[in-house]
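> Sequence:
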Amino acid sequence: MADSANVVAGRDIVLERTFDAPRELVWKAWTEAERVVVWWGPEGFTTTNHEMDVRPGGVWRFTMHGPDGVDYPNKVEFIEVVKPERLVYNHSGEDDTEDVRFLATIMFEEQNGITKVTMRSTFETAEERDRVAEEYGAIEGGKQTLERLGRYLSKMQR
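The opening position of the sequence shown corresponds to residue 182 in the working numbering, with each subsequent residue numbered one higher.
Take these hints with a grain of salt, some might be off.
As the list claims (entries may be wrong) - Keeping only pairs whose Cα atoms sit at most 30 Å apart, straight-line, the calculated BS3-like set for lysine-lysine is:
(1) Lys264 to Lys324
(2) Lys209 to Lys336
(3) Lys264 to Lys336
(4) Lys256 to Lys324
(5) Lys297 to Lys324
(6) Lys264 to Lys297
(7) Lys209 to Lys324
(8) Lys297 to Lys256
(9) Lys256 to Lys209
(10) Lys297 to Lys209
(11) Lys297 to Lys336
(12) Lys209 to Lys264
(13) Lys336 to Lys324
(14) Lys256 to Lys336
Stated by the list, open to error - Simulated restraints on C-beta separations:
(15) Glu328 to Asp249: 17 to 23 Å
(16) Glu308 to Glu232: 19 to 25 Å
(17) Asp201 to Gly250: 16 to 22 Å
(18) Arg332 to Thr244: 39 to 45 Å
The set of hints was computed from the structure by calculation and includes no laboratory data.
This structure is a prediction, so every number in the text was calculated from the model and none was measured.
Quick reminder that beta carbons are idealized off the backbone N, C-alpha and C, glycines included.
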């Protein structure tokens, strides 16, 4: 619905987008394995889920398949799950050797059937944030991921 906004400050990348969809549906799209694989990742990527246990202490293991044929194994460890308001998790590579690590906080705020999603990725240092933004296109990739979520939510409501 609304354009993604991004803020790069301190050690954070913050992306926001508003969706013309109820919060419960946005939450389900984000936390149900069969839904998240439909839209997760930047344009041209596909996702394979290996495990998704959305609860404090639970793990989400998935591989993002790039359009260039490169596979990107990911691991998420959930710290906080407050349905349908907030997800907090540590992100790393599958075997903890991946050099992209951050703390993610995803907020879901609903008002009158419209949901604002705020994704905050906090890196160990500002330099690390800058490196990930440059090497992996984290800001543009995040915007594209939210755009794909928007298209998915539109289809779900038809």
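> Are there hints from earlier that the structure breaks, and if so, what are their numbers?
Numbers 16, 17 and 18 - these are the hints that the structure violates, sorted from lowest upward.
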